[in-house]
Amino acid sequence: MPDDDAIRVLRRQIRAEIARDAGNLLRAGVPDRAAATSKTFRSLARICGAAPSADGPLVPRSLPRRELTQWIPKLAAMTDEELGELPGVSPSRAHQIVPGALVAEACMDIFDLEALEICPWALREGVILERLDQISVLG
Numbered sequence: 001m002p003d004d005d006a007i008r009v010l011r012r013q014i015r016a017e018i019a020r021d022a023g024n025l026l027r028a029g030v031p032d033r034a035a036a037t038s039k040t041f042r043s044l045a046r047i048c049g050a051a052p053s054a055d056g057p058l059v060p061r062s063l064p065r066r067e068l069t070q071w072i073p074k075l076a077a078m079t080d081e082e083l084g085e086l087p088g089v090s091p092s093r094a095h096q097i098v099p100g101a102l103v104a105e106a107c108m109d110i111f112d113l114e115a116l117e118i119c120p121w122a123l124r125e126g127v128i129l130e131r132l133d134q135i136s137v138l139g
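Residue 1 is where the sequence shown starts when you use UniProt numbering, and the numbers rise one by one after that.
Hints are not guaranteed to be accurate.
Stated by the list, open to error - If you anchor each label on the Cβ, the simulated ranges turn out as follows:
(1) 5 / 134: 17 to 25 Å
(2) 57 / 81: 44 to 52 Å
(3) 9 / 74: 36 to 44 Å
(4) 124 / 59: 14 to 22 Å
(5) 55 / 114: 33 to 41 Å
(6) 49 / 91: 18 to 26 Å
(7) 129 / 73: 33 to 41 Å
(8) 74 / 134: 22 to 30 Å
(9) 134 / 84: 32 to 40 Å
(10) 85 / 28: 24 to 32 Å
(11) 21 / 122: 16 to 24 Å
(12) 2 / 117: 39 to 47 Å
(13) 66 / 19: 19 to 27 Å
Worth flagging that the hints you see were computed from the coordinates, not collected in a lab. Each residue gets a CB set at the ideal place from its N, CA and C atoms; glycine is no exception.
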């Protein structure tokens, strides 16, 4: 469980990394929406009250900045075991929750987003769908 100083240092490093590339993206204008595709962000959305995966992939889910910001101090105070008991968090990924929360918070802050829309599919599913498209064209 990281202390306040460690969280502050990590938060600063994360923001610096994201801000380094944000300028290029923001030249086209401030986004009005953004999608998150990682399992960590899905877990964070679940912690913040999003529907469980058992409700199906087409149920709209989001990760609201306000709720996440309120959760970060609580998450940082928890052990990995406690994090692994939260809804949507698997014990094997518990160690990713606090850094993931800081990344999500920084993205929403830097890009001035109130929430991230949670996509039910990530890179792996995209690669599979792309391959299926190629097979159907060749088939």
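Exercise for the section: Enumerate the violated hints, using their earlier numbering and listing them in ascending order. Expected result: Hints 1, 2, 3, 5, 8, 10 and 12 contradicted; others consistent.
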